[in-house]
Amino acid sequence: MKTIPYLLIAIRFVFAPIIFFLAFTKAEESRFIILSLMFIGLLTDIFDGIIARKVGVSSEKLRRLDSQVDLVFWLSLGFAAYFINTELIKSHWKNIALIFIMEALCYIISFIKFKKETCTHAFLSKMWGLSLLISFTYLIGFQQVGWAFYLTIILGFISHLDVILIILILPKWQYDVPSFYHAWKIRKGIERKKSIFFN
Numbered sequence: 013m014k015t016i017p018y019l020l021i022a023i024r025f026v027f028a029p030i031i032f033f034l035a036f037t038k039a040e041e042s043r044f045i046i047l048s049l050m051f052i053g054l055l056t057d058i059f060d061g062i063i064a065r066k067v068g069v070s071s072e073k074l075r076r077l078d079s080q081v082d083l084v085f086w087l088s089l090g091f092a093a094y095f096i097n098t099e100l101i102k103s104h105w106k107n108i109a110l111i112f113i114m115e116a117l118c119y120i121i122s123f124i125k126f127k128k129e130t131c132t133h134a135f136l137s138k139m140w141g142l143s144l145l146i147s148f149t150y151l152i153g154f155q156q157v158g159w160a161f162y163l164t165i166i167l168g169f170i171s172h173l174d175v176i177l178i179i180l181i182l183p184k185w186q187y188d189v190p191s192f193y194h195a196w197k198i199r200k201g202i203e204r205k206k207s208i209f210f211n
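Residue 29 in the working numbering is what sits at position 17 of the sequence shown, and the numbering runs on without skipping anything.
Rather than coming from a laboratory, the hints here were simulated on the basis of the structure.
Be a bit skeptical, because a hint or two may be false.
Quick list of in silico lysine to aspartate or glutamate cross-link-like pairs, DMTMM-like style, CA-CA up to 20 Å [what the hints assert, rightly or not]:
no., residue 1, residue 2
1, K128, E115
2, K138, E115
3, K138, D82
4, K125, E72
5, K138, D57
6, K14, E72
7, K128, D188
8, K197, E115
9, K184, E129
10, K128, D82
11, K38, E99
12, K125, E115
13, K73, D57
14, K128, E41
15, K184, E72
16, K138, E72
17, K125, D188
18, K127, E115
19, K73, D188
20, K14, D57
21, K127, D57
22, K138, D188
Full structure from sequences and hints, please.
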């Protein structure tokens, strides 16, 4: 049981190059295979954390691995959307560039402050992941932008801003921080302990 979370993470990692290859072929049937892999990948992402907590293996190493594989998995779907709908993606490049810049800022700020990548698994990031699922379903399955695309851009900006605030507020690196409010509570708790100690 303790190896299952790692196996679920590995499934997403293996799916990434398969998705990339299928999108590159641009075959009609590939779109629906990619969507199937995307939904299966999302299920593995949901259950790896649940099972890890149940069997007591939810560690820093596992959560960091989960975050980085998530990045690879969703990037492969982003490239798939680009290969299948090149002109459509190009016409919205400014919105997409904004999200890439925000993602890069999260990593840059985290490395500057903590010498580690970000690994917050914040609530808004999870909501953004669900919006990505809907958006990619439109883009890859139906070759449309739709309302989901704009929702994804808005949630993407807000969720990345939340992560940046978490990083800036936290006094030391920590994984699984639900929001910047929780980061503030952590900071206040540590500062209170310090003041009690020194007084």
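The hints, checked one at a time:
Only pairs whose Cα atoms come within 20 Å are accepted, and K128 paired with E115 is accepted, the gap being roughly 15 Å. Between K138 and E115 the alpha-carbon distance is near 14 Å, which keeps this suggested pair within the 20 Å criterion. With a C-alpha separation of about 11 Å, the suggested pairing of K138 with D82 holds against the 20 Å cut-off. In summary, the hint linking K125 to E72 is supported, as the alpha carbons are separated by about 18 Å, within the 20 Å threshold.
Straight-line distance between C-alpha atoms of K138 and D57 comes to about 10 Å, which keeps the hinted pair within the 20 Å bound. Among the hinted pairs, K14 with E72 is consistent with the structure: their alpha-carbon atoms are about 15 Å apart, no more than 20 Å. Annotation: proposed proximity of K128 to D188 holds, straight-line Cα distance about 14 Å (limit 20 Å). Taken as a hint, the K197 and E115 pair is broken in the structure, with Cα atoms around 24 Å apart against an allowance of 20 Å.
At most 20 Å may separate the alpha-carbon atoms for a hinted pair to count; K184 and E129 meet this at roughly 13 Å. Of the pairs offered as hints, the one joining K128 and D82 holds, with about 17 Å between alpha carbons and a cut-off of 20 Å not exceeded. Among the hinted pairs, K38 with E99 is consistent with the structure: their alpha-carbon atoms are about 14 Å apart, no more than 20 Å. Taken as a hint, the K125 and E115 pair is honoured in the structure, with Cα atoms around 16 Å apart against an allowance of 20 Å.
With a C-alpha separation of about 16 Å, the suggested pairing of K73 with D57 holds against the 20 Å cut-off. Taking the CA atoms of K128 and E41, the gap is near 40 Å; set against the 20 Å cutoff, the hint is violated. The straight-line distance between the Cα atoms of K184 and E72 is roughly 14 Å, inside the 20 Å bound, and the hint therefore holds. Annotation: proposed proximity of K138 to E72 holds, straight-line Cα distance about 18 Å (limit 20 Å).
Between K125 and D188 the alpha-carbon distance is near 17 Å, which keeps this suggested pair within the 20 Å criterion. Distance hint between K127 and E115 is fulfilled; the C-alpha atoms sit about 16 Å from each other, no more than 20 Å. Pair hint K73 plus D188 holds up; C-alpha atoms about 12 Å apart against a cutoff of 20 Å. Our distance criterion of 20 Å between C-alpha atoms is met by K14 and D57, whose separation comes to about 16 Å.
For the suggested pair K127 and D57, the alpha carbons sit about 26 Å apart, so the restraint of at most 20 Å is broken. For a cut-off of 20 Å, the pair hint linking K138 to D188 stands: about 12 Å separates their Cα positions.
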